[in-house]
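Visitor: Chain by chain, the residues:
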Amino acid sequence: MPQYAAIIYSKDVDWTLPEYTTDMKEYNEFGQAAAAVIRGGAALYQTSTATTVRVQGGKGGDVIATDGPYAETNEALTGFYLLECADLDEAIRVAAQIPAAWDGAVEARPVIDFGG
Amino acid sequence: MTEAEARAALVRLVRDEGRRVLATLARVLGDLPLAEDAVQDAAVRALESWPRDGVPVEPRAWLTLTARRRAIDILRREAARAGKEAESVIEPDDPPTPETVRDDLLRLVFTCCHPALAVETQVALALRTLCGLSVAEVGAALLVPEATMAKRLTRARQKITKAAIPYTVPADHELPDRLRGVLAVVYLLFTTGYAPTGTPRPDLVDEAVRLTRLLRELMPGEPSVLGLLALELLQDSRRAARHRADGTPVLLADQDRGRWRRDLVEEGVLVVGEGLRRTPDVPDPYVVQAAIAACHALAPTWADTDWAAVVSWYDVLLTVADTPVARLNRGVAVGERDGPAAGLAAVDAVGELSGYPLWHAARAELLARLNRVDEADTAYRAALAIPQDDAQLTHLRRRRARLAGR
Numbered sequence: 172m173p174q175y176a177a178i179i180y181s182k183d184v185d186w187t188l189p190e191y192t193t194d195m196k197e198y199n200e201f202g203q204a205a206a207a208v209i210r211g212g213a214a215l216y217q218t219s220t221a222t223t224v225r226v227q228g229g230k231g232g233d234v235i236a237t238d239g240p241y242a243e244t245n246e247a248l249t250g251f252y253l254l255e256c257a258d259l260d261e262a263i264r265v266a267a268q269i270p271a272a273w274d275g276a277v278e279a280r281p282v283i284d285f286g287g
Numbered sequence: 003m004t005e006a007e008a009r010a011a012l013v014r015l016v017r018d019e020g021r022r023v024l025a026t027l028a029r030v031l032g033d034l035p036l037a038e039d040a041v042q043d044a045a046v047r048a049l050e051s052w053p054r055d056g057v058p059v060e061p062r063a064w065l066t067l068t069a070r071r072r073a074i075d076i077l078r079r080e081a082a083r084a085g086k087e088a089e090s091v092i093e094p095d096d097p098p099t100p101e102t103v104r105d106d107l108l109r110l111v112f113t114c115c116h117p118a119l120a121v122e123t124q125v126a127l128a129l130r131t132l133c134g135l136s137v138a139e140v141g142a143a144l145l146v147p148e149a150t151m152a153k154r155l156t157r158a159r160q161k162i163t164k165a166a167i168p169y170t171v172p173a174d175h176e177l178p179d180r181l182r183g184v185l186a187v188v189y190l191l192f193t194t195g196y197a198p199t200g201t202p203r204p205d206l207v208d209e210a211v212r213l214t215r216l217l218r219e220l221m222p223g224e225p226s227v228l229g230l231l232a233l234e235l236l237q238d239s240r241r242a243a244r245h246r247a248d249g250t251p252v253l254l255a256d257q258d259r260g261r262w263r264r265d266l267v268e269e270g271v272l273v274v275g276e277g278l279r280r281t282p283d284v285p286d287p288y289v290v291q292a293a294i295a296a297c298h299a300l301a302p303t304w305a306d307t308d309w310a311a312v313v314s315w316y317d318v319l320l321t322v323a324d325t326p327v328a329r330l331n332r333g334v335a336v337g338e339r340d341g342p343a344a345g346l347a348a349v350d351a352v353g354e355l356s357g358y359p360l361w362h363a364a365r366a367e368l369l370a371r372l373n374r375v376d377e378a379d380t381a382y383r384a385a386l387a388i389p390q391d392d393a394q395l396t397h398l399r400r401r402r403a404r405l406a407g408r
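Protein sequences, first through last, are from chains E and P. The numbering used here puts the first residue of the first sequence at 172, with every later residue one more than the last. The numbering used here puts the first residue of the second sequence at 3, with every later residue one more than the last.
Warning: the hint list may mix true and false statements.
To be verified - A few chain P residues that face chain E, going by a derived Cβ cut-off under 7 Å, partial list only:
1. PRO168
2. GLY183
3. ALA186
Said to hold, decoys possible - Here are the simulated distance ranges between beta carbons:
4. P:HIS175 <-> E:ALA236: 47 to 57 Å
5. E:LYS230 <-> P:LYS153: 23 to 33 Å
6. E:THR244 <-> P:ALA323: 28 to 38 Å
7. E:ALA207 <-> P:ALA82: 50 to 60 Å
8. P:VAL146 <-> E:LYS196: 47 to 57 Å
9. E:THR244 <-> P:VAL146: 28 to 38 Å
10. E:GLY211 <-> P:GLY357: 49 to 59 Å
11. E:GLN217 <-> P:VAL146: 40 to 50 Å
12. P:GLU354 <-> E:LYS230: 47 to 57 Å
13. E:LEU215 <-> P:VAL284: 39 to 49 Å
14. E:GLY211 <-> P:ASP75: 48 to 58 Å
15. E:GLY232 <-> P:ALA149: 30 to 40 Å
It is worth saying that the hints were derived from the structure and are not from the lab. Small disclaimer: the values here were computed from a predicted structure and weren't measured. From the three backbone atoms N, C-alpha and C, an ideal C-beta is built for every residue, glycine too.
Given only the sequences and the hints, what does the whole structure look like? Please build it.
Guide: Put into structure tokens, the structure is as follows:
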């Protein structure tokens, strides 16, 4: 069966703060409801905790690490689920249950099967 | 039959049968792009060998067998390249029944019109896959360069495979939403064939009507399907009267109504009646357009048309589908109901159609009726300056010449 990364774009906040307890509860409920198709995933700290890494001058060149992506957008990549679904229609149905779907957006993207 | 005609007939046969073979093979393989490759290959072989060896007694069976073999070849080659055993050997099954073929075709319709694909991609896929148009023809139909169209279709095929867009008819609760997209695609197919301002393609019109009838069987009582079917039947009833022998168009006002197909008019009126009865609180744009078409179909002459009803229906249409073309047509109807001055005011008020020859032509007709001959001539010249079909240009030149001869 194909796998999909359900990539979550939502408000760029620290989900561990007490004020997001309700949001986390919703995500937990989704996690339980969709347990049959969830194969993995992660929630991420806000983008201000991120470090962008680039190597200048090709492989082996200078490592340039900069603070955050600092994109001026309302929605940021804040997590993802790995889903295993029969087809895109099922993936869309499951993705539509992720809280970010009504409070942001969820990108359902097929995962490459390297046949390992 | 000339050689060219024989060739064209053969191409039509291969396309028509090929799409049915494709629909079934896509289900059997569970892989639309693979099925497309296989059927494309079979079609090429048919066009090579049939002129030489004669058309087989059962062209569809021939195409099915050839496409199936080709698909197995492709699968084996891919398996060998990946160093794997070919997992699936496709067992030949009994020839599918007409009902199965029909269902397969519907699956194909819903896959091509899947909302995860951009609308323009859905339309392109339907034309390519359901109508068997070449990539260049799809590009021409949608006014997109061939190279752009080829890229778009390749991307679409990749997405169908990689994202596993299913090859199924949607569940009942999803059908109304999904149907809207399908109807838009089918109607575009119809208008591409009906070609209000170009060369008609009766094969596309027939295909669109056939697809619409299929959709009615799947969703009996669905007003938008009834509306679309009625609209298509009523428009198509005028097929024989819409053009002169030289291919130039004849305006609705000037058509020989004796050449309209009464059977299609009667069926269309019946179907639009059912569509109106089943319409929920919100009017359906197809039903309303069909109601307008029915006003014309039932009028003995242009002058005796119930213009008040036509204008009222356009007013309803504008509440659900406000387009410049609908406003233009309403303006023309106002001109018939209230006289050319009122019509001209309504047509001028549309104002967003200066690149649309029929807008200038409508103004020219109304100006001529107001004896503002110079302005009418200017409007005809503006219409003629816009690139368009030769037959349409000839038609406009004739109207302009008639004006000069007054």
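Visitor: All hints, please: hold or fail.
Guide: Verification of the hints:
no.: 1; hint: PRO168; verdict: holds, 4 Å
no.: 2; hint: GLY183; verdict: violated, 14 Å
no.: 3; hint: ALA186; verdict: violated, 20 Å
no.: 4; hint: P:HIS175 <-> E:ALA236: 47 to 57 Å; verdict: holds, 50 Å
no.: 5; hint: E:LYS230 <-> P:LYS153: 23 to 33 Å; verdict: holds, 31 Å
no.: 6; hint: E:THR244 <-> P:ALA323: 28 to 38 Å; verdict: holds, 34 Å
no.: 7; hint: E:ALA207 <-> P:ALA82: 50 to 60 Å; verdict: violated, 36 Å
no.: 8; hint: P:VAL146 <-> E:LYS196: 47 to 57 Å; verdict: holds, 48 Å
no.: 9; hint: E:THR244 <-> P:VAL146: 28 to 38 Å; verdict: holds, 31 Å
no.: 10; hint: E:GLY211 <-> P:GLY357: 49 to 59 Å; verdict: holds, 53 Å
no.: 11; hint: E:GLN217 <-> P:VAL146: 40 to 50 Å; verdict: holds, 42 Å
no.: 12; hint: P:GLU354 <-> E:LYS230: 47 to 57 Å; verdict: holds, 55 Å
no.: 13; hint: E:LEU215 <-> P:VAL284: 39 to 49 Å; verdict: holds, 43 Å
no.: 14; hint: E:GLY211 <-> P:ASP75: 48 to 58 Å; verdict: violated, 38 Å
no.: 15; hint: E:GLY232 <-> P:ALA149: 30 to 40 Å; verdict: holds, 37 Å
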